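Below are the chains, spelled out letter by letter.
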Amino acid sequence: MLEIEGKLQAELARGIEALQTVANAESLEAWKQEFLGKKSLVMQVYGSMGKLAKEERPIIGKAVNQAKAGLEAALAEKEEGIKAASQQEAFTKETLDVTLPGRKPRRGRIHPLHLTLRQIYRIFGDMGFQIYRSPEVETDDYNFTFLNMPPYHPARDMWDTFYTDKEGVVLRTHTSPGQVRVMRERAPENIRVILPGTTMRYEQLTARSEIEFIQVELLVVGKGITFADMRGTLNDFARRTFGENARTRLRPSFFPFTEPSAEMDVECFVCGGEGCGVCKGTGWLEILGCGMVHPTVLRYGGYDPEVYSGFAAGMGIDRSTLMRYHIDDIRHFRNNDIRFLEQF
Amino acid sequence: MKAPLSWLKDYIDLDGVGIEEIANLLTNVGLEVESVQLVGVEKPEGKLKNKYFGLPWDKEKFVVAEVLEVNQHPNADRLTLCELNDGTGITTVLTGAPNMFPYLGKGRLEQPIKVAYAREGALLYDGHQPGQVVTKLKKTTIRGVESRSMICSEKELGISEEHEGVIELDEDAPVGMPLVDYMGDVVYEVAILPNMARDASILGIARELSAVLGRPLRLPEGVALEKGGAIAEKVGLEVRNTELNPRFMLGMVEETQARQSPYWVRRRLSLAGMRPIDALVDATNYTMLEIGQPLHAFDYDLLRERAGGKPTIITRTAYEGEKITLLDGSEPQLDPQMELVTDTVGPLSIAGVMGGGETAVHAETRNLLIESANWNFINIRKTLSKTRINSEAAYRFSRDVHPALAETALSLCLKRVQEWGGGEVVQGVLDEYAKPYVDTVNRISAEKIAEVLGQEISLEESTRILERLGFTCWMEGRELVAKSPATRTDIETGIIGQRNLIEEIARVYGYERIAGKRLSDELPPQVGNPGLEAEERIRDIMVSIGLQDTLAYRQTSPEREARLFIGRKAPEGLAYVRLKNPITPERTVMRRSAMATMLELLEYNAKFRPGLALFELGPVFLPLADEILPHEALRLSIGMTGAWEVASWDRPQSPAMDFFDLKGVVEALLDGLHLEEVKFQAVELPCFHPGKSAEVRVGEEILGVMGELHPQVKKNFAFGQDPVLVAEFDGEALVRLSNAVFTNRPISNYPAMVEDIALIVDESVPADDLEALIWQAGGKLLVDVKLFDVYRDARLGEGKKSLAYQLTYQAFDRTLTDKDALNIRNRIVKQTKNTFGAVLRSQ
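Chains as they are written, first to last, in the numbering used here: chain C, 1 to 344; chain G, 1 to 843.
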């Protein structure tokens with residue numbers, strides 16, 4: 001064995017050993033200079049190869065290659081280690097308090113009453129109902145007379161009406177005028193529509209009563225439509241809205257444009273019928289009025305009441321939305337206080 | 001309508017039917033029970049579906065007692081000491097009740113006074129505090145006399161507001177009996193539907209219970225009436241218009257007294273919500289509450305005095321300029337539409353509404369003339385709409401009363417006057433009833449019932465129901481024939497009459513027994529609602545951009561909308577839909593401007609948040625010259641102010657929004673609706689900053705306006721420093737021009753080349769036009785043009801600006817070369833130079 005071979009072996013061993021103590025990029029650089037730099041033994045051997053005897057060259061060449069490869073492999077491993085360590089260090093420095101609040105993007109929201117409307121559109125849409133809209137400023141004829149309330153009819157008292165300065169023009173007190181409008185447009189076809197929209201009544205503005213509110217009316221006209229069909233449709237609606245187990249009850253009521261007329265209550269979804277503040281202790285919530293379309297209304301709409309029948313129902317969605325979200329004041333809906341709207 | 005249970009029981013046997021059950025039966029038959037007042041009675045047990053209030057009277061603590069002697073309190077003039085027997089012995093009770101003073105110093109009373117007596121520890125309402133404050137009766141010493149019990153007033157027992165005097169019970173009240181057993185009661189407050197006005201009476205409510213329970217009804221009996229007779233010597237009668245006054249009856253009682261009614265009458269009246277007055281007035285009110293027919297009583301001697309002899313009652317419409325002072329002291333304006341009861345001298349009362357004060361019953365009345373009449377309800381309604389008078393009589397007459405009830409009522413009332421006030425009923429009655437009311441007759445088959453209800457109810461069952469409601473029924477072939485009862489006028493004839501009957505049958509049969517079915521008729525022709533769909537799309541796009549959806553009041557005032565103009569001066573002659581009866585001066589018209597609404601919303605909310613971005617989609621109301629109804633024009637309004645991005649803990653909030661934030665929102669919306677060929681054009685409008693406002697057009701059509709609020713207009717609102725940005729769009733145009741269907745652009749798989757160029761042009765060249773030319777010159781390989789810088793500098797030259805664009809070139813079939821890019825670029829430079837004199841800015 002040539003002397004140089006031994007030296008190279010020792011150099012390799014020394015290099016690997018020296019690498020043990022290297023812990024950072026600077027000392028690694030120094031190590032590189034020492035063991036793989038121009039003045040290092042390995043490089044000096046390479047430099048002196050030309051001066052060597054011909055028979056020594058392959059032997060020494062192999063030895064120096066081995067030593068270099070060994071040192072380089074050790075270096076690569078060390079570099080990897082140091083990189084990982086320094087990344088680890090960086091991670092530690094960069095660690096966040098993830099409980100700090102996120103940056104809030106500006107978020108737009110749908111108005112709560114529009115949310116309710118959309119839900120109703122969906123439910124009745126599934127049942128084959130189309131959506132029909134009609135004017136908010138209406139004639140007295142459509143708002144009253146065609147709905148079986150000629151002038152001075154006692155039932156006109158049921159609605160406190162806003163009158164305009166134009167004779168015979170009122171702000172609609174309910175969405176029912178749309179019944180006759182849609183009938184006149186569609187007769188003699190079957191009808192299955194909902195009539196959503198803003199209605200207005202002359203009332204005191206309080207936490208519980210509004211002068212403007214949104215109603216959704218339901219109208220079905222066809223041959224052989226019955227009270228039982230009405231009940232079934234409204235039950236389905238109640239179950240879709242208030243849950244599969246929602247119980248309803250129908251009790252007699254009066255609307256001039258339906259006969260027989262009924263009021264539908266749903267078991268209070270807040271207390272499950274036990275009685276609470278929302279249902280005023282009764283266990284029931286009044287959700288809609290309904291009935292079989294009055295023959296007079298069918299006639300005004302262009303349908304022969306001896307051949308056609310139908311049912312109608314109407315509900316105020318402001319009130320049901322109040323109950324759903326436990327809202328304390330109905331005026332929030334149209335005051336549009338951002339602190340209220342942002343909660344939806 | 002308040003119905004005391006004790007009174008209902010006069011007409012129907014309710015044994016074994018619980019308090020709660022009665023309430024539920026009433027509600028289920030259409031008489032919705034709004035509340036149940038417990039007068040001394042314990043609240044029923046179990047799960048209750050009704051609202052209850054009231055205090056129970058402990059049987060040990062509240063009893064009937066009798067006052068044997070009333071003595072002066074030794075140390076107080078205003079107090080008396082009553083020797084009282086409560087059934088267990090004699091005690092002394094202290095009271096300040098004024099109605100005990102007349103007995104003072106009379107020694108042992110010949111006729112002891114029966115009273116409601118409460119012992120120590122009793123829970124009752126404080127008689128000296130407003131409202132109902134529950135208090136516990138405790139031992140006290142008043143001016144040296146110990147007091148541990150009391151004699152109660154109606155207020156203390158929850159019967160009425162009366163707290164001055166104590167109750168004097170009827171003489172037959174059994175001493176020592178628990179008070180609740182003697183006069184405990186339950187009062188049902190029932191909502192009367194407009195078509196059930198016949199049930200604004202105790203008997204009407206009892207009849208409904210009779211129908212639903214299947215128990216017989218006991219009708220009250222009055223005195224027998226004979227037409228004509230001695231009364232014709234005392235008074236004359238003339239009915240001028242039988243349409244307005246279908247029936248008029250007079251009866252008379254002589255030598256009666258306006259004394260106090262028996263206590264049970266007064267208690268019933270109080271519980272039913274009417275104030276007891278005297279036996280004569282009470283008799284008319286009691287009868288009205290009992291059967292629903294209002295009556296009026298005149299002091300006969302006053303009538304005689306007025307007429308200077310035998311009076312004649314004349315019913316007629318008012319003469320122009322006639323005057324009357326009513327019982328309540330009011331002097332309503334009379335006109336020839338109004339029906340009056342008059343005598344030869346002038347008006348005595350407004351028919352069916354309210355009597356005049358001059359001939360009213362008073363404490364000294366001896367001879368009583370009783371009017372029991374029927375009035376045309378539509379005419380009454382017209383009168384009420386002008387005079388705005390509220391009375392129990394008007395309430396009933398304005399909902400139509402059956403003329404047969406006039407006779408029943410008179411017979412009952414004469415009997416009561418005689419029983420409670422004493423005297424003799426004058427023989428005979430006067431009765432003008434020219435056209436007796438014909439009760440309707442309807443026929444109905446079992447098939448017809450099933451056809452409407454979708455549920456079979458046999459004719460036997462239907463007959464039972466109708467008969468209990470007072471109909472007279474018989475069968476003709478396979479049809480049930482039903483004659484309406486002579487107590488109601490709401491049953492029509494023909495198909496409507498049939499429906500009326502079906503409703504009667506169904507509500508008593510029970511709506512709850514009619515099972516639901518799913519609709520099975522053929523679906524109608526399918527008609528979409530593209531307008532609504534587009535509106536909902538607009539709403540979704542606006543929300544996705546980050547704006548808040550709002551919902552505006554339709555009602556506003558011209559003054560509020562005038563805030564949109566400098567100096568709050570709106571142009572002259574804006575046509576509004578005006579309300580005849582506005583609820584407040586702030587809401588007198590239907591709005592014309594959605595922008596005005598939006599500014600109010602921004603103003604209201606600006607104090608709550610550093611930045612706002614709102615929108616609203618809703619109608620404005622524009623009167624049309626040739627149309628009855630206004631045009632309800634859909635508007636989209638947008639309002640923005642303050643910071644778009646809110647500050648977070650490590651980052652300041654973004655700067656206040658300006659014109660281009662609003663424009664960005666508008667562009668995003670129009671892009672989302674796939675509107676084509678949209679143009680923004682500078683415009684001067686009164687409410688906007690003259691240099692920061694634009695009109696948005698598609699072709700010649702103006703879609704809307706947008707801009708920064710004019711500083712002078714901003715002063716009309718409470719805004720801070722930040723610019724206020726608003727826009728108002730024609731929603732119908734947006735909906736119409738939006739494209740739900742559009743052509744999607746393919747995406748190229750070849751690499752794109754991107755380069756920047758900056759062009760120097762005159763200030764007057766609109767950026768929009770320059771960009772349009774770049775697109776045109778670039779040809780189909782130019783796929784994107786993005787303005788990234790606008791630069792002005794003296795070195796560019798006076799009145800010059802540099803616009804820097806990032807241009808993207810891309811082909812669908814190959815990778816572009818530098819030569820391709822150079823060609824496009826050269827074309828752009830050349831054409832912009834030719835058209836706008838643009839100079840390429842050296843890099």
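Check the hints yourself; a few may be wrong.
[As the list claims (entries may be wrong)] Some residues of chain G that are not near chain C, with every Cβ distance over 12 Å (derived):
id: 1; residue: Asn50
id: 2; residue: Glu69
id: 3; residue: Asn71
id: 4; residue: Gly96
id: 5; residue: Ser330
id: 6; residue: Glu331
id: 7; residue: Ser398
id: 8; residue: Ala446
id: 9; residue: Glu492
id: 10; residue: Arg518
[As the list claims (entries may be wrong)] When the alpha-carbon atoms are kept at most 27 Å apart in a straight line, the in silico BS3-like pairs for lysine-lysine are as follows:
id: 11; chain 1: G; residue 1: Lys59; chain 2: G; residue 2: Lys9
id: 12; chain 1: C; residue 1: Lys280; chain 2: G; residue 2: Lys49
id: 13; chain 1: G; residue 1: Lys833; chain 2: G; residue 2: Lys819
id: 14; chain 1: G; residue 1: Lys517; chain 2: G; residue 2: Lys607
id: 15; chain 1: C; residue 1: Lys166; chain 2: G; residue 2: Lys448
id: 16; chain 1: G; residue 1: Lys819; chain 2: G; residue 2: Lys692
id: 17; chain 1: G; residue 1: Lys106; chain 2: G; residue 2: Lys43
id: 18; chain 1: C; residue 1: Lys166; chain 2: G; residue 2: Lys569
id: 19; chain 1: C; residue 1: Lys280; chain 2: G; residue 2: Lys833
id: 20; chain 1: C; residue 1: Lys39; chain 2: C; residue 2: Lys51
id: 21; chain 1: G; residue 1: Lys569; chain 2: G; residue 2: Lys415
id: 22; chain 1: G; residue 1: Lys435; chain 2: G; residue 2: Lys448
id: 23; chain 1: G; residue 1: Lys138; chain 2: G; residue 2: Lys2
id: 24; chain 1: C; residue 1: Lys280; chain 2: G; residue 2: Lys43
id: 25; chain 1: C; residue 1: Lys83; chain 2: C; residue 2: Lys7
id: 26; chain 1: G; residue 1: Lys155; chain 2: C; residue 2: Lys280
id: 27; chain 1: G; residue 1: Lys800; chain 2: G; residue 2: Lys786
id: 28; chain 1: C; residue 1: Lys93; chain 2: C; residue 2: Lys38
id: 29; chain 1: G; residue 1: Lys155; chain 2: G; residue 2: Lys59
id: 30; chain 1: G; residue 1: Lys106; chain 2: G; residue 2: Lys59
id: 31; chain 1: C; residue 1: Lys280; chain 2: G; residue 2: Lys47
id: 32; chain 1: C; residue 1: Lys166; chain 2: G; residue 2: Lys382
id: 33; chain 1: C; residue 1: Lys62; chain 2: C; residue 2: Lys32
id: 34; chain 1: G; residue 1: Lys800; chain 2: C; residue 2: Lys166
id: 35; chain 1: G; residue 1: Lys382; chain 2: G; residue 2: Lys435
id: 36; chain 1: C; residue 1: Lys104; chain 2: G; residue 2: Lys580
id: 37; chain 1: C; residue 1: Lys104; chain 2: G; residue 2: Lys607
id: 38; chain 1: C; residue 1: Lys223; chain 2: G; residue 2: Lys679
id: 39; chain 1: G; residue 1: Lys448; chain 2: C; residue 2: Lys280
id: 40; chain 1: G; residue 1: Lys448; chain 2: C; residue 2: Lys223
Just so you know, the hints here were simulated from the structure itself, not pulled from any lab data.
The structure displayed is predicted, hence computed values, not measured ones.
Here a beta-carbon is modelled for each residue, glycine too, at the ideal position from N, C-alpha and C.
Q) Against the structure shown, which of the earlier numbered hints fail to hold, in ascending order? A) Of the numbered hints, 1, 7, 9, 10, 14, 15, 16, 17, 19, 21, 22, 23, 25, 28, 30, 34, 36, 38, 39 do not hold.
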